[in-house]
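In the working numbering, the protein residues as written are 1 to 160.
A hint or two may mislead.
Calculated cross-link-like contacts (lysine-lysine; reagent style DSS-like; alpha-carbon spacing at most 27 Å) [claimed, not checked]: (1) 24 to 160; (2) 130 to 153; (3) 35 to 85; (4) 130 to 36; (5) 153 to 139.
Just so you know, these hints were derived from the structure itself, not from any lab.
Keep in mind that this is a model prediction, so the values were computed, not measured.
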Amino acid sequence: MRYLRCLHVDKDGRNIVGEMVVNKAIAADVLDILKKLYKAKYPIERMRLIDYWDADDERAMRDNNSSSFNFRFISHTKTVSKHGKGLAVDINTLYNPYHKHLKNGKEVVEPATARPYLDRSKHHTYMIRKGDLCYRLFKEKGFRWGGDWKNSKDYQHFEK
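Produce the complete structure using the sequences and hints provided.
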């Protein structure tokens with residue numbers, strides 16, 4: 001794992017020092033992406049280690065935190081997730097929710113408070129859109145975007 005400290009800009013243009021832990025295999029790529037986002041003044045509201053929320057992913061996402069490493073399993077499995085390996089990055093989590101319809105008819109939205117942001121036709125400052133700078137920079141480095149998935153959508157999520 002690698003600990004990254006980097007500047008990011010919020011929607012009000014304030015410079016903020018952020019921090020993130022990522023797998024060493026993606027550290028150089030993620031740092032390069034974050035530097036380019038900063039130079040372009042691409043807004044990232046918050047970038048803190050998951051420890052700030054006692055490793056509670058739901059609380060961190062509700063607070064619109066951008067992060068990578070958080071040891072956990074893929075839902076309903078015993079398989080370590082990409083985040084558990086530090087191989088995935090989530091950006092502006094509240095405004096770019098995870099969304100899935102389960103076979104039992106239930107609907108999952110994470111964070112639970114992000115339902116208003118499922119409508120991707122509406123504009124929000126922290127929203128990632130296919131083709132925007134954040135999307136392009138991650139794709140150029142070989143990351144897959146959760147917004148392209150077929151059976152679910154994870155608009156905050158980039159993984160290798």
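27 Å limit on alpha-carbon distance, applied to hinted pair residue 24 and residue 160: holds, 12 Å
What's the verdict on residue 130 and residue 36, does the C-alpha distance respect the 27 Å limit or exceed it? holds, 17 Å
Residue 130 and residue 153: Cα distance at most 27 Å? holds, 12 Å
Straight-line alpha-carbon gap residue 153 to residue 139, limit 27 Å: holds, 16 Å
With a cut-off of 27 Å on the C-alpha distance, tell me whether residue 35 and residue 85 pass. Holds, at roughly 23 Å.
Figure legend: structure checked against the earlier numbered hints; every hint is met.
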